[in-house]
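J.: Sequence:
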Amino acid sequence: MESIKIKTKSLSEVQKRISDVRTVVMSHKASLYQSRAMIEENRMMILSNYAAAFMGNRQLANHNTDEIYANRRAILESVETKTDLEVETIRVKVSNAELTFLENRSALNTAVLSISEDMAKINASLIKINNKIMEANEKIVSFNSRQIEINSNLLNGTSADLDFTHQENARLMSENEALLEGVASESNEQSERIMEIMETSIENAEALSENKNTISARRDEIMKNRASYLENRQHINV
Numbered sequence: 001m002e003s004i005k006i007k008t009k010s011l012s013e014v015q016k017r018i019s020d021v022r023t024v025v026m027s028h029k030a031s032l033y034q035s036r037a038m039i040e041e042n043r044m045m046i047l048s049n050y051a052a053a054f055m056g057n058r059q060l061a062n063h064n065t066d067e068i069y070a071n072r073r074a075i076l077e078s079v080e081t082k083t084d085l086e087v088e089t090i091r092v093k094v095s096n097a098e099l100t101f102l103e104n105r106s107a108l109n110t111a112v113l114s115i116s117e118d119m120a121k122i123n124a125s126l127i128k129i130n131n132k133i134m135e136a137n138e139k140i141v142s143f144n145s146r147q148i149e150i151n152s153n154l155l156n157g158t159s160a161d162l163d164f165t166h167q168e169n170a171r172l173m174s175e176n177e178a179l180l181e182g183v184a185s186e187s188n189e190q191s192e193r194i195m196e197i198m199e200t201s202i203e204n205a206e207a208l209s210e211n212k213n214t215i216s217a218r219r220d221e222i223m224k225n226r227a228s229y230l231e232n233r234q235h236i237n238v
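Per the working numbering, the very first residue in the sequence shown carries number 1; after that it's consecutive.
Bear in mind the hints are in silico, worked out from the structure with no lab data behind them. Among the clues, some could well be false.
[Unchecked claim] Now the in silico label distances, taken between C-beta atoms and shown as ranges:
id, residue 1, residue 2, range
1, K82, N225, 30 to 38 angstroms
2, A74, N123, 37 to 45 angstroms
3, M223, S48, 42 to 50 angstroms
[Stated by the list, open to error] Subject to a maximum C-alpha distance of 27 angstroms in a straight line, what follows is the list of computed DSS-like cross-link-like pairs (lysine-lysine):
id, residue 1, residue 2
4, K128, K29
5, K132, K29
6, K121, K132
7, K224, K212
8, K29, K139
9, K128, K139
10, K16, K29
11, K82, K93
12, K121, K212
Only a predicted model underlies this, so the values are computations on that prediction, with no experimental measurement involved. Don't be surprised by glycine CBs; every beta carbon is placed ideally from N, CA and C.
Construct all of the structure, not just a fragment, from the sequences and the given hints.
T.: This is the structure in structure tokens:
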């Protein structure tokens, strides 16, 4: 009877340790879902900011550039010339204006090229992430299939897991101890990483909010530029 009490107590201690580990593991699961939600929210904000900055602000600014150049050319070509020198001066200024705007466009092309190269690298990284997700999903499916098979065997009474022997119990107890230690160790290692990714996500969210405000302020500047060149255009048409 004494040995039975000891085993019962030992089992109770193991169950408590399992319960403690379960609490940590499931807490980590919830934290990771929370961090994934934050990451997804940040990703959507990144895409929103990208669309607003590139497809919105950039196109408006480029349109302004084209119109400003058109104004410059119209202003120069509207100047009345009386001498060959004046004609030559206007011609040179028109060429200078065109080259200045082309230089600006070429520099912007370089910037776009650099951004496109970075985005191509990011896409390659995202493809790798997708592959990791698919690999993890495959592991989940394989694990579930194996556990379903065990459940079916238990229901049919054909599983070796129903081997009622001291040797089998001893083997499982040893395996359980190894599993318990492994899960506890891995969970401890995860804790710091989870905190780091949560902090990073919060910092990213703050940075994205600042980006959004900057994009909005930049759009106001673009619209002011538009109003100015439209005013110039009115004077040209007078």
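J.: Checking against the hints above, which ones are violated?
T.: 3
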